[in-house]
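K.L.:
Assemble chain L with the ligands onto chain A, guided by the hints.
Here are the chains, one letter per residue:
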Amino acid sequence: MIEVNNISKSFNNKLVLNNIRTVFEKGKTNLIIGQSGSGKTVLMKCCIGLEMPETGVINFDSRPFSTFSEKKKTDIRKEMGVLFQGGALFDSFNVEQNVMFPLNMFTDKSMEEKHDRVNFCLKRVNLENVNKLFPSELSGGMMKRVAIARAISNNPSYLFCDEPNSGLDPKTAEVIDALISEITEEYNITTVVNTHDMNSVLQIGQKISFLYQGQLWWEGDKTSILETDNPELQDFVFSTELTRRLKKN
Amino acid sequence: MLKLLGEYLLLMYETFKKPDKWSVFKRQLMIEFIGLGVDSFGIVAIISVFSGAIVAIQTAYNIDSPLIPLTMVGFTTRQMMILEFSPTIISLILAGKAGSRIASEIGTMRVTQQIDALRVMGVNPANYLILPKITASMLFNPVLIIFSIVLGISGGWFACIITNLVTSADYIEGIQGWFEPFTVTYAIIKTLVFALIISSVSGFLGYTLEGGSVEVGRASTKAVVYSSILIIFFDLILTQMLLV
Ligand SMILES: Nc1ncnc2c1ncn2[C@@H]1O[C@H](COP(=O)(O)OP(=O)(O)OP(=O)(O)O)[C@@H](O)[C@H]1O
Ligand SMILES: [Mg+2]
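In order, the protein sequence lines correspond to chains A and L. For reference, each letter of the first sequence is one residue, going 4 to 252 in the working numbering. For reference, each letter of the second sequence is one residue, going 408 to 651 in the working numbering.
Next up, chain L with everything else stripped away, as it sits in the complex:
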């Protein structure tokens, strides 16, 4: 376990170096923006809209006391999306999508000696392969999370209108009430940490893999499992640190 951590830190030390050539780094970064970021809009959109809708409906059904105003529905949906749902659940989904992609891509390059080829050409493979992925995830995941928050809240509004549980005016009043801008900062900080976890852990597992195609499959499964566990773990820590 400690050995693993040491290896991970060493690899990160290699990764976070100045790229050999900026023009090459920029090109790799654009590729990763598309592969890791843009391609995830679809799944993030679907999951966010439905989850926002579900949270809104659940909250509405659970308010049976006339003392609690129906504006609570909008408020709760907004808080849920910003505080927990978008940063954490969407990051978990991205751990599945991006994590397995990163680990299997880099792992395949390892078993087919493409990483050795880079090294003997005089390229720093960790820096060349992993840094663009980390950078792309950390720049793009916050965009995805904001997108998810907006869609989730809209999903809730949509659900309220369709089911006639809450009026549009109440919902909109709710989502505007008691708004603390720090909650958004908090969501973004969490997202950044989770993005770093997903991309670096998956990159590490692919990069240090030994063996053949069986190991590639195993590494990509491990990437999802490890990043998910770490995300939940750091969620707890960050919540303690930032909100208490």
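Extracted from the complex, chain A is given alone in its bound form:
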């Protein structure tokens, strides 16, 4: 469980996160939704410690991660998996080496155990026979899946995904969403996903936090989001033709 307590962050005197207070629950897919520029990525970066919040504290299972020194953060970071928006695969390594990287770095497993784990993770994301390919030889969807495999290879307790399905076709996007939500339940991970895709919201949103201009505007789940009478959220939810038709029926 991750507790976000009264987090604020500004850039050049412009408040980007305004006193955010929420909880990301264990074993659930927690979504952060909101328009482009609403502060989703900044909030996630505060959670993983790439940005320092100006006020407030972020607790990882009651450990005040955001107050730790860079050195002390390392221990919790070893329990995190992060999927960056662009994948951020290491392009000098092939698929197998990418997925194996956290294992090489932080475990004393034998080569055979590491290979087994890599193959297991790749299979889990429906990728086989690509072990020796380099990131430049993969399609966008494959890269995302390799990045997920890398994020879960060292059995994380916390998984962060920034727009896991942006730039993917609806079918692949759905596969990736399903994958994230399955992994979350299967391994009882605290998963946080940034998205502005209503499809994902309706598919995997177990707990949804809606950010509006840097403020936490609304919280709920995939059922209650369709019945909301909050005007800003309605505006966001029913911004596509598909969801508008859904509403009419």
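It is worth saying that the hints were derived from the structure and are not from the lab. For glycine and all other residues, C-beta sits at the position ideal for the given N, C-alpha and C. A few of these clues could be false.
What the hints assert, rightly or not - Derived lysine-lysine pairs resembling DSS-like cross-links, with alpha carbons at most 30 Å apart: (1) A:K117 <-> L:K424; (2) L:K433 <-> A:K135; (3) A:K81 <-> L:K433; (4) L:K504 <-> A:K74; (5) A:K17 <-> A:K48; (6) L:K410 <-> A:K76; (7) A:K210 <-> A:K250; (8) A:K112 <-> L:K425; (9) L:K424 <-> A:K75; (10) A:K74 <-> A:K126.
As the list claims (entries may be wrong) - To list a few chain L residues with every Cβ distance to chain A over 10 Å, as calculated: (11) V431; (12) M437; (13) I438; (14) I441; (15) I470; (16) I475; (17) Q486; (18) T515; (19) M516; (20) V527; (21) M528; (22) V530; (23) Q583; (24) P588; (25) T592; (26) F640.
P.N.:
Only chain L with the ligands this time, still in chain A's reference frame:
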């Protein structure tokens, strides 16, 4: 300027820490040995042979007084190669080759969030990325410089034979005369300092880059320019300190 220096020193403080895992460090080091060291043999060889030859021929043509023995040609070529040419000029060439490579490689990792990815995995990215490059440069550049000295002197010998300006015996006598072993130590000290400059400055410029692919290009150009200027500057200082 002072802020830049401060940032540089902070980054070096992060870089020079015990690697998270030695086995990983060793593997990275081997990769850098090949990328930064072995791959540079070709260019170093060509430039050294030709420069040695040029120095020898120039010296030979400029000796017109019968009072100066022709053994001077070998002597001068050797001194030039050891004192200045191999450590400084070859380091400048390596600043172009290795410097731009380091800055663009690390810079690209920065803009594609690979450095962020390392950090959130709990890896110290500066240590993981820059230390192997500094170590590889500092271990391998002296090898390249010795190689360059040997080839330069041979190039001079070759030129003398071909042009018939100096006999082989005179040249060989020349390169053996008045030899002070300290000059080689001096060359190696310079090389080590220059290797540190090239790898750490280029690493710094790539690592601290902000922006996109345009910035990567700019950082790699800056890496070459800054390291070259610093090399010349430190050449002056070291020459003063070590030889006077
Ligand atoms: N490093 C930074 N420096 C200055 N401003 C920043 C920085 N990072 C983010 N911002 C600003 O913070 C605001 C929120 O950005 P953020 O990236 O969190 O948006 P987002 O909700 O993730 O949008 P998107 O859906 O487009 O990814 C934006 O107005 C952006 O300009
Ligand atoms: Mg974003």
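K.L.:
Could you run down the list of hints and mark each one as holding or not?
P.N.:
Hints, verified against the model:
no. : hint              : result
1   : A:K117 <-> L:K424 : 27 Å, holds
2   : L:K433 <-> A:K135 : 22 Å, holds
3   : A:K81 <-> L:K433  : 22 Å, holds
4   : L:K504 <-> A:K74  : 34 Å, violated
5   : A:K17 <-> A:K48   : 17 Å, holds
6   : L:K410 <-> A:K76  : 26 Å, holds
7   : A:K210 <-> A:K250 : 21 Å, holds
8   : A:K112 <-> L:K425 : 21 Å, holds
9   : L:K424 <-> A:K75  : 15 Å, holds
10  : A:K74 <-> A:K126  : 34 Å, violated
11  : V431              : 6 Å, violated
12  : M437              : 13 Å, holds
13  : I438              : 8 Å, violated
14  : I441              : 12 Å, holds
15  : I470              : 52 Å, holds
16  : I475              : 55 Å, holds
17  : Q486              : 42 Å, holds
18  : T515              : 8 Å, violated
19  : M516              : 8 Å, violated
20  : V527              : 5 Å, violated
21  : M528              : 6 Å, violated
22  : V530              : 6 Å, violated
23  : Q583              : 47 Å, holds
24  : P588              : 41 Å, holds
25  : T592              : 36 Å, holds
26  : F640              : 33 Å, holds
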